[in-house]
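Undergrad: Given next are the chains, with one letter for each unit.
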Amino acid sequence: MKTFPVIDIKHHSAEIKSIYFKQIEPDIYPGQFFNVWLPGVDEKPFSISDVFQGIMEITVKAVGPFTRALVAVERGDFIGLRGPFGTHFTFHHHALLVGGGMGIVPLRYLARMLRQQGFHFEILLGARCEKEIPFQNDFSEWAPTTFVTEDGSLGYQGQVTEYIHEKIRESKLSFIYSAGPEAMLIRVMEEAKKAGLNYEISFERYMKCGIGICGQCVVNGSGIRLCKEGPVLSRNMAETVTEWGIPHRDATGKRKV
Amino acid sequence: MSDLLETLFLSKIYQSPLVLASGVLGLTADSMRRVLEAGAGAVTTKSFGLEPRKGHACPVILPYHSGLLNAVGLSNPGVDEMVKEIKKLHQESKGGIFASVFGKTPEDFGEVTKKACEATPDLIEVNVSCPNVASEFGAPFGADEFSVANITRIVKKAAGDVPISIKLTIHCPSIEKMARVCEENGADALTAINTVGPGMLIDTGVMKPILANKVGGVSGPAIFPLALKAVWEICANSSLPIIATGGVRTADEALQMIMAGATMVSIGSGIYYKDIEIFTHINQDLTAWMEARHIHSLETIRGAALE
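Read top to bottom, the protein sequences are chains A and B. Numbering of the first sequence is given in my numbering, commencing with residue 5 and proceeding in unit increments. Numbering of the second sequence is given in my numbering, commencing with residue 25 and proceeding in unit increments.
Derived from the structure by calculation, the hints contain no laboratory data. Treat the hints with care, since some could be wrong.
Straight-line Cα separation of at most 30 Å, DSSO-like style, residue types lysine-lysine; simulated pairs [to be verified]:
#1 B:K238 - A:K258
#2 B:K201 - B:K36
#3 B:K138 - B:K108
#4 A:K258 - B:K298
#5 A:K232 - B:K298
#6 B:K78 - A:K232
#7 B:K108 - B:K181
#8 A:K197 - A:K171
#9 B:K111 - A:K258
#10 A:K14 - A:K65
#11 A:K6 - B:K298
#12 B:K108 - A:K260
#13 A:K232 - B:K112
#14 B:K118 - B:K138
#15 B:K138 - A:K260
#16 B:K112 - B:K181
#17 B:K111 - B:K128
#18 A:K260 - B:K139
#19 B:K181 - A:K258
Some chain A residues well away from chain B (every beta-carbon gap over 12 Å; in silico) [unchecked claim]:
#20 H15
#21 F56
#22 C133
#23 D142
#24 Y160
#25 E186
#26 I190
#27 M193
#28 K198
#29 A199
#30 G249
Among chain B residues calculated to face chain A with C-beta under 7 Å, some are [stated by the list, open to error]:
#31 T52
#32 D54
#33 S55
#34 R77
#35 K78
#36 P83
#37 I85
#38 L86
#39 N100
#40 E105
For every residue, glycine included, the Cβ atom is placed at its ideal position computed from N, Cα and C.
Chain B with its partners taken away, still in its complex shape (with noise of 0.2 Å):
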C-alpha cells in the first residue's frame, strides 16, 4: 500500500483512512484480520455489551433496491469473549482496533467500556444510536442530548487513556448541537452516522413486515447523501475529528466524506455490493486520484468543501 493514505487520527497513524464500520463481520480475530489485510486502516467491532445477545429472529438483513435494512438487534457474544478476540488481532495485526459498545443503561457503557479497555483498542465508539431495540431499551439514547452527555462523561472516565467516539444519529433535533454536547463532555471524536431510519418492507405474498423485528435500520448507498451531509454540518461546528459512514462504496464517495471534513471513511454496507475487496480497490482509487492531482496528503483536502 502506498504511504500517499497514511492518516492521522487521534494521534495514531493508520495506513488508510478506511475503516470497517461497526455490525459488518466484526465478530471475530480471524474475520477482522482478513479485513485489515485488504486494505482497512482499522476495523471496528461488532457492537458488544456486558451479557451475551441473541439479537432478533431471522431475516435480520434484507437488500431493496437502493441498500439495505437490518435489525440484527446487537446481538454479540459479550465483553469478556470479544475482549479475548481484541488482544488476539492485536498481537497478529499492527492494523487499528475499535471497539463498539453499548449499553442498556448509561453505567452499563461505563461498565463495558472498562472491561472493554482492558484489551486496549484504539478507540471506544460508543453505540448510542442503535435503532432497532427500541422495543426491549425504548428510544435511542442518540436522540436525546441530556442521555448522551451524560453517557459521554460516564465512558470518558470509564475508558482512561483510551480515546471515544460517540456514534451519532441524524435522528435528534440538531446534530450539530449533538456533536458540540460530545466535544463539551469529553469526546475525543465522533462517528457519523449510524442507520436511519428505521424503515419497513412487506411482503405482498403473506402480507406482512420481512424483518423479524418488523423495522429495521436503513443503510447503503440511499443513506449517502444524508450521512455526508450531516457531517458536513458537524465539521463545520466541531473541532473533532470525525469518522464518517453511510452509504461509501466508492473512493469518490470516499473523498467527498474527506472533502466534507471526515478523518476517517467507514465502510460497512459497501461490503454487500463490492465484497470485502472493496477496502483494496478504494485505496488503489484514493491513490490514483492523489498521484494525478500531486496531493501528497489527504490533509490538503480535508474539509474542502467546508468553505
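With the rest of the complex left out, here is chain A (with noise of 0.2 Å):
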C-alpha cells in the first residue's frame, strides 16, 4: 500500500465524480479494481474506469459514509491505492456491452480498449435517469450507444434488460459484456443462455483484503473468491456459483437478511 497525490477530478453531475491520478502499474485490464484507502475512514475496492496516456481514472457515486468522503477529495490529496486485482474482461468481436447505473464504469475502459483493438461492439446503458450515465459522449463515439432510463430523461424510458434481444438479434451479436446491480445481471444470464451466447460479467461482493485471503467474498457453489477468481466471471465460472440474486454478506460474514 502506497498513497498517491490526485491530479485532477471531473464533476460527471453532483453526486458521481471521476478521480484522477498517475498511472501506478504498467498492466492494467479492463474490469480489474484497486482498494481505494481513505486514511482515517476505510478501503473499498473500486473499479478502474479509465486508463489511458499514463493517467488512470476510477470513477464513484456518493451513496455511503465512504463514497461520500471520497467524492470529497480535492487535487492534490493523498489517496492510498492496491492493485490492480481481479480478474479482467478478455476481447471479443461482435460484443455487446450491458451497463446498468455504476455497472457503467468498469465498461467505459473496456469500451476504449475494444475500440484500440479495433473490434466491432455495441453498447446498451442503462439507469435511473440522465445524470447518472457518466462518460455518454465517449460511449457514443466509440461505438453504436442506446441509453435507457427509468425516467425516460435520455434515450428509450423503461429497463436496460428489455433491449438485449432486440439488440442482439438486430446486430447480430455474439458475446455480451456486462456489469450493474445483481438483479439486471440475472436477467443478462438469462438473456445470454436463451440467445447461446457466452458472456463475461463484472459481480459485486463485499471485500476486505482484495488478495485472495480473508474470505470474505467467497461465494456459495464452487466458493470461488470474487477479488481473485473475480470480479469478472466467464460464463463457466458465473455457473459454478449458487448464490445469485440472495443478499450479500456483511462486514460479519453474515448475510442481511
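Put the two chains together into one complex; each comes in its own frame, and the hints tell you how they fit.
TA: Pasting the structure below:
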C-alpha cells in the first residue's frame, strides 16, 4: 500500500465524480479493481474506469459514508491505492456491452480497449436518469450506443434488460459483457443463455483484503473468491455459483436479511 | 493423493499433515471444501465467538516485503452461522474440520465451545492469542498462565468428547511452561504459533499508520524461524501433538516443522504467496522427498531435530 496524490477531478453530476492519478502499474486491464484507502475512514474496492496516456481514473458515486468522503477529495490529496486486483474482461468480436447504474464505469475502459483493438461492438446502458450515466459522449463516439432511463430523460424509457434480445438479434452480436446491479445481471445471464451466447460479467461482493486470503468475498457453490477468481467471471465460472440474487454477506460474514 | 502422507492426529487419520490455518478462507463450507480438495488434510474455521462481529475497518491486511500484517479484528458471523457451515462441510467432505473459537471472557470460551460442538468438529482450537483486539479485550489471555489454565479447563469441560488445542503466542514469559500448563489442565493438543507482535507500518504520504487498527499481527516468512523454534521448544518439553503454524510456504519448511516435532502443519499466509494450490504442491513435494529417501511415514522423522 502506498498513497498517491490526486492529480485531477472531474464532476459528472452532483453525486458522480472521476478521480485521476498517475498510472501506478504498467498493466491494468478493464474489469480489474483497486482497493482505495481514505486514511482515517476505510478502504473499499473500485473498478478502474479508464487508463489513458499514463493517467488512471476511478469513477465514484456518493451513496454511503465512504463514497461521500471519497467524492469530497481534492486535487493534491493523498489517497492509498493497492492493485490492480482480480480478473479482467478479455477481448471478443461482435460483443454487446450491457451496463446498469455504476456498472457503466468498468465498461468505459473496456469500450476504449475494444475500440483500440479495432473490434466491432455495441453498447446498451441504463440508469435511473440521464444524470446517472457518465461518459455518454465517449460511448456514443466509440460504438453504436443505446441509452435507457427509468424516467425517460435519456434514450428509451424503461429497463436496459428489455432491449438485450432485440440488440443481439438486429446487430448479430455473439458475446455479452455486463456490469451493474445483480438483479439486472441475472436477467443478462438468462438472456445470454436463451440466445446461446457466452459472456463475461463483473460481480460485486463485500471485500476486505483484495488478495484472496481473508475469505470475505467467497460465494456459495464452487466457493470461489470474487476478489481473486472474480470480479469478472466467464459464463462457465458464473454458472458454478449458486448464490446469485440472494442477500450478500456483510462485514461480519453473515448474510443480510 | 499418495497415502504416504497419512497422518494420525488425536486418534483420527488425516490424508495430509497440512491444515488450513485459522483466519484464512475459513468463513464458509464451500470455501473450506475447496481447500480440502486442493489437498489440505484439515481446515480450520475463521475464529468465531458468540455473536456476529464486524471486526476492524479496512485496511485490515497489508502485505510487506517479508510477510503480512493483519488486524481483521475477529470479524465473524457468530457461532450459530458457523455451526451451519461446519455441518454442511461435514456432509460434503471427509476432510478434517477444526473449529477456532474465541471469547471475551473465559466463560464465553466455554459457551461458544459448547455450541460449536453441536456441529461435531474434529477439534476445538482455542484462540487465546489474537493480538489485534487489545483495545477492546485487553492483553491476550495467551500471555498469562493463570488465564490460559482457566480457559483450558473451561473449554475442555464444555467440549465433551471433542478434543481441544490451545493456540499459543510467543508473547508469554515461557512458551514451554505455557505448553505444560495447557497439558496439565486438559489440553489434547497445542497450536503454535499465532501471529507475532503486533507490528506497524506507516504511510509516508499521509504520515499515518496504514492499518485502520494502527497495529496488526505479523505473519508469513518473517516469522517462520520464530515459529519453528517455538515448536521445537514445546516438543522438547511436552508430549502433546502439535499443529505448527507460522510462515510455512514450502515442503522444506513443512519438513522442518515436522523435524522439530510437529504432527500437523498449518498454512495461512502461504496462500497469499502461492494461492490455494500451495496444498497440492507441498503434498507433491513432500511425497517426492519421502520416496527419494524411502521413508514410508512422516512418523519416522517426527522430532528428528530434537536430539
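Undergrad: Which hint numbers doesn't this structure obey?
TA: none
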